[in-house]
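S.K.: Take the sequences, apply the hints, and build the full model.
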Amino acid sequence: MSSPSTTAFCLAQAGGGAATGGSPLGSLLLMAALFGLMYFLFIRPQKRRQMQIQEMLSKLKVGDRVMTSGGMLGTISKVSDKTVRIVLADKVEIEFVRSAVADIIKDPEAETNENAEQADKPASSK
Numbered sequence: 000m001s002s003p004s005t006t007a008f009c010l011a012q013a014g015g016g017a018a019t020g021g022s023p024l025g026s027l028l029l030m031a032a033l034f035g036l037m038y039f040l041f042i043r044p045q046k047r048r049q050m051q052i053q054e055m056l057s058k059l060k061v062g063d064r065v066m067t068s069g070g071m072l073g074t075i076s077k078v079s080d081k082t083v084r085i086v087l088a089d090k091v092e093i094e095f096v097r098s099a100v101a102d103i104i105k106d107p108e109a110e111t112n113e114n115a116e117q118a119d120k121p122a123s124s125k
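Going by numbering that gives the first Met the number 0, the first residue of the sequence shown is number 0, and it counts up by one from there.
In case anyone wonders, no lab produced these hints; they're calculated from the structure. Heads up, the beta-carbon is just placed ideally off N, CA and C, and yes, glycines get one too. All the pointers check out, no bait thrown in.
Distance windows between CB atoms, simulated: (1) 88 <-> 33: 48 to 58 Å; (2) 30 <-> 92: 51 to 61 Å; (3) 41 <-> 105: 24 to 34 Å; (4) 72 <-> 26: 45 to 55 Å; (5) 90 <-> 32: 53 to 63 Å; (6) 86 <-> 29: 53 to 63 Å; (7) 25 <-> 105: 43 to 53 Å; (8) 98 <-> 25: 42 to 52 Å; (9) 23 <-> 64: 51 to 61 Å.
M.R.: Okay, here's the thing in structure tokens:
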């Protein structure tokens, strides 16, 4: 008794007697199409995300509430070219490289106020 996978394997071996010669141009087009697909699925979104991170890091300012890549939450007390100083608690202040800041935490009340202001504006001014 043979399993279906064994039968399929035997049939695949038997059917492959003559090698089919394809055009080298067809192979080249297939490779180009695969590269294009990889670019649009992986490389382009990664570049876009990297640009968003750089934009976020350039907008850091004193008073922003941030989360570091290690998960620590605090408020920025000093910003320099390569580092930021973050107050984690009373009398606890740590200096991080700018790239350690993972996200700027928005104040939920401020977001609610901004959304309400945008809703009050007429649609033509948006």
